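A.B. asks: Residue-level listing of the chains:
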Amino acid sequence: MSGSPKNLPPFANNLLNNTLGTASAKHLDVYSQTFYTVMSPTNNLPEKVSLNLGFIPLTDCAPLVIAKEKGFFHAEGLSVSLSRESSWANIRDKVAAGVLDGGHMLAPMPIAASLNLDGLNTPMLTALSLGLGGNAITVSHALHQQLLALDAQVADPYHSVQALKTLISQQQRAGLPPLTFAHVFPFSCHNYLLRYWLASAGIDPDKDVRLVVIPPPLMVSALASGQIDGFCVGEPWNSQAIAQGIGAAVTSTVDIWHNSPEKVLGVTCAWAEQYPNTHQALLRALLKSAQWLELSEHRAEACAILTAEEYVPVAIQDLRVFERGEFQYSTDRPALQVPDFNVFYRYAATFPWVSHAEWLISQMQRWGHIPPSINAQEVAAKVYRPDLYRQAAQALELPSPLIDRKNEGSHNNAWLATSDSVDIAMGRDCFFDQVNVEPRYTDA
Amino acid sequence: MPKLNILLVDNDPGRSAIVKQALEDAGHNVIAKLNDDANLSKNVLALQPDIIIIDMDAPGRDTLEQMREINRDQARPIILFSAPNDQRFMQEAIRAGVSAYMLDGLNQTQIMPIVEVAIARFREFQALRKELDDTKSKLADRKIIEKAKGLIMARKGLDEDGAYQLLRKNAMSQNKRLIDMARILVSVEDLLG
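Same order as they appear, the protein sequences are chains H and V.
Counted the way the working numbering counts, the first sequence spans residues 22 to 465.
Counted the way the working numbering counts, the second sequence spans residues 10 to 202.
Derived from the structure by calculation, the hints contain no laboratory data.
This structure is a prediction, so every number in the text was calculated from the model and none was measured.
Keep in mind that the hints are not guaranteed to be accurate.
[To be verified] Capping the alpha-carbon separation at 30 angstroms, the derived lysine-lysine pairs in DSS-like fashion look like this:
1) Lys-185(V) with Lys-91(H)
2) Lys-228(H) with Lys-51(V)
3) Lys-139(V) with Lys-69(H)
4) Lys-403(H) with Lys-69(H)
5) Lys-91(H) with Lys-69(H)
6) Lys-139(V) with Lys-152(V)
7) Lys-185(V) with Lys-69(H)
8) Lys-186(H) with Lys-51(V)
9) Lys-178(V) with Lys-145(V)
10) Lys-12(V) with Lys-42(V)
11) Lys-156(V) with Lys-145(V)
12) Lys-178(V) with Lys-156(V)
13) Lys-156(V) with Lys-185(V)
14) Lys-186(H) with Lys-228(H)
15) Lys-42(V) with Lys-139(V)
[Claimed, not checked] Computed list of chain H residues with no C-beta within reach of chain V, every gap over 10 angstroms:
16) Pro-199
17) Ser-351
18) Ser-376
Here a beta-carbon is modelled for each residue, glycine too, at the ideal position from N, C-alpha and C.
Whenever a hint applies, use it, and build me the whole structure from the sequences.
C.D. replies: Below is the structure:
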């Protein structure tokens, strides 16, 4: 056979080109199966080929951007437009109304939608996590100086929050107004991790501080203008504030909860039901994109792609933690290695752990955002769909964990998750207040 | 029916002036028009509007979402599209680029005419802006084509018509639009100039 047969979708052609060169028995087998699927009447072709997906300008929109720019969507026969949105509410509304097919969402958003907390009566689901971690808590220069005066080791969650507790107590005795911290959306991991961190030292997030919502791209200017004293936001906005000398990070959120959930691919349940093959194609493309992003040698190219005008137009040096795994907590201290700051594929980072959803629901209940009567396990299993993930991973011969839930917080060290093929090397998932925290800057 | 108080949040002063006028002409009460949504929650608390009409591009939308969470004891703004079977109306609003919140407890049917006025004006403004953008980009395209023609004239010693024909012929043979061909030529000239 010379060349590729005509009239095949691009992914079939790609497959032919990739497999015929190395025609091992296994490859031929995959080839004939796929060929059969493509040609047979009951095929898996996407029901809908042209898709619109929404995203917010953040480092962790990278799997979507890379899938488009490196041709992973195209290889699955999808033509995807990415639409940069100015608020999470916009993504939610546009997905609910069908103006967008799906989008970059905060992990608690599909949960909130399914509980109708947004009032839109449109249940949503996720079958893929877009990565783990990626946020930090940054405070104003003035607040940082006050915290450092109380404890020179402020840069890890334990020392930072203890110093903050002392400071807040002093300020309350002096009759000063409460400090204001911003996060990005009521139903966000930022909100719940910020609350978890504050509460661990006995700071009541609803009484002892003021919590406000500010969209990520406006965080840096809000901190600069003194409108807020600190924020919890995803990259590159912490790095930008630090590089501009406006603030300093007091902890990354991966240090609060190691390898914690962050963004997901969210679609409505109705959409997933109407376009199951399209959904699978989307999941496969994003799995390949996450795998591509995982390789450190791809990060420089990813930075160049990501900082284009239509995606995340920031200076390339603001993406240093993404590019090299180095995070600079403040301008007067050296950058430190934080290799797990953004995790895209390893540690089963793309897997929609039902236990992630359960933890988020438990925090919604903890802070009175939803009634305690809601059955967390039932809701989580409806919104988080490892079954759909496994189908996509299997088609790509990628391993998936066999379990839907892990015991969150119980892994203080690396561990192995049993999968349908090779075991998966997992990262720890402990919370900072359950283990001994080593200070980030030991020379301080 | 008592007059409802409307807060309009839009950073496009031209559009918000038109929308405000239209709402007032229809007999409604616009209590404030904010161009900047930086202090949105403070303003909402101080002004106590019944309805908030907000530009979908305003990042302050997420701030309003939080007000629904924190003001558990007060009347809180809820998003308008909460009734089922509203998808068509919601799409219409989204395409026009407008979103609306109303105070919990108000009757949605009371609010609809107000939001419809806003949607209509947003859409009208969008059409105007598109027309303006199209005109601007046509003008810019013309300039690039003129420049490309000039380059061909200088290099090939052709007259204006000959240069245009050559550009057109090349565009057609490469299956490109005339403007795209001209752009390539101009950028190559900038590079190698």
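A.B. asks: Now tell me, hint by hint, if it's right for this structure.
C.D. replies: Hints, one by one, checked against the model:
For the hint pairing Lys-185(V) with Lys-91(H), the CA-to-CA distance comes to about 24 angstroms; that is within 30 angstroms, so the pair holds. Taking the CA atoms of Lys-228(H) and Lys-51(V), the gap is near 18 angstroms; set against the 30 angstroms cutoff, the hint holds. Between the alpha carbons of Lys-139(V) and Lys-69(H) the distance comes to roughly 29 angstroms, so the proposed pair stays at or under 30 angstroms and holds. Distance restraint check for Lys-403(H) and Lys-69(H): the Cα-Cα separation of roughly 24 angstroms lies within the 30 angstroms cut-off, and the hinted pair is therefore satisfied.
With a CA separation close to 21 angstroms, the supplied pair Lys-91(H) and Lys-69(H) stays within the 30 angstroms bound. Annotation: proposed proximity of Lys-139(V) to Lys-152(V) holds, straight-line Cα distance about 20 angstroms (limit 30 angstroms). For the hint linking Lys-185(V) to Lys-69(H), the alpha-carbon distance of about 28 angstroms falls within 30 angstroms, and the restraint holds. With a C-alpha separation of about 27 angstroms, the suggested pair Lys-186(H) and Lys-51(V) falls inside the 30 angstroms cut-off, and the hint holds.
Simply put, Lys-178(V) and Lys-145(V) have alpha-carbon atoms about 26 angstroms apart, close enough for the 30 angstroms limit, and the pair holds. Of the pairs offered as hints, the one joining Lys-12(V) and Lys-42(V) holds, with about 17 angstroms between alpha carbons and a cut-off of 30 angstroms not exceeded. Simply put, Lys-156(V) and Lys-145(V) have alpha-carbon atoms about 17 angstroms apart, close enough for the 30 angstroms limit, and the pair holds. A distance of roughly 17 angstroms separates the Cα atoms of Lys-178(V) and Lys-156(V); the hinted pair therefore holds under the 30 angstroms criterion.
For a cut-off of 30 angstroms, the pair hint linking Lys-156(V) to Lys-185(V) stands: about 18 angstroms separates their Cα positions. Straight-line distance between C-alpha atoms of Lys-186(H) and Lys-228(H) comes to about 13 angstroms, which keeps the hinted pair within the 30 angstroms bound. Under the criterion of a C-alpha separation no larger than 30 angstroms, the hint pairing Lys-42(V) with Lys-139(V) is consistent with the structure, at around 24 angstroms. At roughly 14 angstroms from the closest C-beta of chain V, the C-beta of Pro-199(H) stays outside 10 angstroms, upholding its exclusion from the interface.
Listed as a non-interface residue, Ser-351(H) keeps its Cβ farther than 10 angstroms from every Cβ of chain V; the least gap is roughly 26 angstroms. Separation of Ser-376(H) from chain V is adequate, the least Cβ-Cβ distance of about 24 angstroms exceeding the 10 angstroms criterion.
Figure legend: structure checked against the earlier numbered hints; every hint is met.
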